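S.K.: Sequence:
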Amino acid sequence: MKRRVTEEIEKGLGREVVLERPKEKKFGHYATPIAFSLAKELRKSPILIADELAKSFEENPLFEEVQAVKGYVNFRLSEEFLDSYATWVLKNEGEFGRQQMGEHIHLEFVSANPTGPLHIGHARGAVVGEALARLGRHLGNMVLKEYYINDAGNQIYLLGLSIYLTGRQLLGFDVQFPDEYYRGDYIGELAREAIEEFGEDAFGEESLIESLSEWGKERLMELIRSDLKRVGIQFDRFVSEKELYERWEEVLAILVERDAVYEKEGKLWLRSTLYGDEKDRVIVREDGRPTYLAGDIIYHFTKFEEGFDRYINIWGADHHGYIARVKAAIKFLGFDPDRLEVILAQMVSLLKGGEPLKMSKRAGNFILMREVVDEIGEDALKFIFLSKKSDTHLEFDVDILKREDSSNPVYYINYAHARINSLMEKSGRSPETLGDVPLIGLNDDAKDLLFNALLLPEIIEDAFIRREIQRLTDYLKALAAQFHSFYNRYRVLGSESEEQYLKLFLVVALSIRVGLGLLGIEAKKKM
RNA sequence: GUCCCGGUAGCUCAGCAGGAUAGAGCGUCGGAUUCCUAAUCCGAAGGUCGUGGGUUCAAGUCCCGCCCGGGACACCA
1 MKRRVTEEIE
11 KGLGREVVLE
21 RPKEKKFGHY
31 ATPIAFSLAK
41 ELRKSPILIA
51 DELAKSFEEN
61 PLFEEVQAVK
71 GYVNFRLSEE
81 FLDSYATWVL
91 KNEGEFGRQQ
101 MGEHIHLEFV
111 SANPTGPLHI
121 GHARGAVVGE
131 ALARLGRHLG
141 NMVLKEYYIN
151 DAGNQIYLLG
161 LSIYLTGRQL
171 LGFDVQFPDE
181 YYRGDYIGEL
191 AREAIEEFGE
201 DAFGEESLIE
211 SLSEWGKERL
221 MELIRSDLKR
231 VGIQFDRFVS
241 EKELYERWEE
251 VLAILVERDA
261 VYEKEGKLWL
271 RSTLYGDEKD
281 RVIVREDGRP
291 TYLAGDIIYH
301 FTKFEEGFDR
311 YINIWGADHH
321 GYIARVKAAI
331 KFLGFDPDRL
341 EVILAQMVSL
351 LKGGEPLKMS
361 KRAGNFILMR
371 EVVDEIGEDA
381 LKFIFLSKKS
391 DTHLEFDVDI
401 LKREDSSNPV
411 YYINYAHARI
421 NSLMEKSGRS
431 PETLGDVPLI
441 GLNDDAKDLL
451 FNALLLPEII
461 EDAFIRREIQ
471 RLTDYLKALA
481 AQFHSFYNRY
491 RVLGSESEEQ
501 YLKLFLVVAL
511 SIRVGLGLLG
521 IEAKKKM
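Number 286 in the working numbering belongs to position 286 of the first sequence; there are no gaps in the numbering.
The reader is advised that the hints may include incorrect statements.
Derived DSBU-like pairs: lysine-lysine, alpha-carbon spacing no greater than 30 Å straight-line [what the hints assert, rightly or not]:
no. : residue 1 : residue 2
1   : LYS70     : LYS44
2   : LYS2      : LYS23
3   : LYS447    : LYS55
4   : LYS44     : LYS25
5   : LYS25     : LYS388
6   : LYS26     : LYS55
7   : LYS23     : LYS389
8   : LYS447    : LYS70
9   : LYS331    : LYS279
10  : LYS70     : LYS25
11  : LYS23     : LYS447
12  : LYS477    : LYS524
These are computed hints drawn from the structure, not numbers from a lab.
Since the structure is predicted, the reported quantities are computational estimates derived from the model, not experimental observations.
Using the sequences plus the hints, can you model the full thing?
M.R.: In structure tokens, the structure reads:
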């Protein structure tokens with residue numbers, strides 16, 4: 001809709017125009033401050049320029065009214081235009097808000113270490129990534145969702161060790177736990193399972209640790225997958241860091257050839273400072289073991305080799321220092337680091353009764369994603385996370401969220417959808433019979449509602465391009481509010497405008513359904 | 001010390017590549033149900049937009065300094 005209007009205005013003016021939505025209804029549907037910038041070039045008052053511009057659009061059938069107010073040019077769309085768009089949308093539901101952007105996008109997210117179940121911090125990245133993928137696909141992009149499994153480092157050994165020691169403790173041995181080991185209920189559970197699996201005798205031998213590491217990793221990946229499934233997220237591909245090392249020699253050879261590395265103090269360093277990093281980074285230790293960065297270098301090499309148009313990584317904010325070195329590595333490998341975009345998911349802090357809850361995997365007192373899902377439901381969880389920009393801190397109190405389910409925006413939005421569904425049933429009409437009812441001669445409230453319901457496509461485009469999904473959640477809340485208000489003010493069934501209102505509501509319901517769907521939430525028909 | 005995120009109503013946050021009188025939800029107060037789902041609606045109170053400069057027709061919005069809060073600064077992942 002906005003695109004259509006922008007085209008029309010640009011055609012008339014012969015230059016690029018910024019269209020915005022005025023804060024107040026009285027200024028119409030769209031407005032442009034173009035006269036202010038023209039004023040400088042033409043050395044004329046913006047007010048005069050705006051007047052002239054407004055006149056030139058007076059006869060355009062797209063608009064009902066074009067007005068110049070204090071230098072702004074305000075456009076009000078014609079009923080005919082809105083009606084024809086609404087009619088088209090209802091007949092082509094699947095096409096609502098679709099585009100053909102056509103980019104191949106590689107999206108890596110979650111990628112939590114397989115050393116514990118997903119906690120609430122991971123959930124944020126998971127939810128944001130999933131929604132981004134859905135939006136991207138709706139807009140006609142190919143999106144590959146990938147999970148990078150960090151299964152090669154010391155942590156996996158620690159996992160095995162933790163299960164081993166806990167198992168020994170369960171069997172009555174006197175056990176000394178080192179500082180660096182994983183705690184938490186799940187370790188105990190795994191240890192019990194492991195005793196069943198491997199037998200009590202095996203816990204007499206330290207050689208068991210290696211098998212426990214591998215076994216524990218597999219068990220935890222299953223757990224993570226089922227946690228993700230719980231909130232409707234499935235990945236297209238899982239990549240194992242360990243397996244990537246098969247290509248380490250190959251990648252290293254490229255780095256050597258490009259003079260991207262040097263030896264010092266018996267270690268191998270990447271010259272990442274050449275491309276903006278603060279310092280050079282070790283990629284191979286003195287004892288020959290590659291560092292974590294090495295895995296990421298191979299990983300990005302294999303990704304870029306596949307030739308996607310764009311790569312998006314969703315990382316925890318604590319990884320932000322990592323961006324520079326990974327981009328440097330990409331550059332050294334001969335690829336364009338600008339194709340990599342990193343979205344940082346900031347910390348989630350949970351309060352309980354006003355008291356902060358600290359999360360630490362090792363301490364074992366972190367809040368699990370599935371615990372929160374059990375408490376508030378997957379839809380509420382998604383909505384909360386998607387309501388805030390991912391790169392800002394998010395704080396919420398579990399107790400309040402548990403208590404105030406009626407203030408949950410998901411209920412509010414769903415309620416609007418359910419009400420419409422209920423009206424449709426009561427009216428005994430079908431969407432097909434309403435399709436051709438002309439939405440002409442509506443009152444102002446109905447016109448406003450129609451316009452806003454038709455706004456969805458530009459909202460999702462905006463939300464995707466800017467990677468700011470909260471624009472969509474805000475929009476849905478506002479649309480639902482406008483609907484509820486309308487509903488309370490106007491009687492629908494039995495009124496003269498029954499058919500028109502129902503058709504209008506079908507558009508509203510469609511926007512809600514499509515919008516929620518893109519957030520991974522299914523709109524409810526009944527509540 | 002360096003880097004990142006933030007500082008807008010009592011609380012949680014919006015504020016759209018600078019634009020027309022700073023918004024929403026929750027909370028508080030006061031109303032609405034013989035009638036389509038009151039899980040709703042209507043109304044009120046509540047803000048020197050952390051602070052000091054600068055840029056311009058126009059600054060929560062952009063630039064610089066400072067203050068406060070959180071996080072990151074590994075040869076751990």
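S.K.: None of the hints should be skipped; say for each whether it holds.
M.R.: Against the structure, the hints:
1. LYS70 with LYS44: With a Cα-Cα distance of about 14 Å, the restraint between LYS70 and LYS44 holds, given a limit of 30 Å.
2. LYS2 with LYS23: It holds: about 16 Å lies between the C-alpha atoms, which stays within 30 Å.
3. LYS447 with LYS55: Holds, at roughly 24 Å.
4. LYS44 with LYS25: Since the Cα atoms of LYS44 and LYS25 sit roughly 28 Å apart, the hinted pair holds (cutoff 30 Å).
5. LYS25 with LYS388: holds (26 Å)
6. LYS26 with LYS55: Since the Cα atoms of LYS26 and LYS55 sit roughly 18 Å apart, the hinted pair holds (cutoff 30 Å).
7. LYS23 with LYS389: holds (22 Å)
8. LYS447 with LYS70: Holds, at about 25 Å.
9. LYS331 with LYS279: Holds, at about 16 Å.
10. LYS70 with LYS25: holds (16 Å)
11. LYS23 with LYS447: With a Cα-Cα distance of about 16 Å, the restraint between LYS23 and LYS447 holds, given a limit of 30 Å.
12. LYS477 with LYS524: holds (15 Å)
The earlier numbered hints are all upheld by this structure, with none contradicted.
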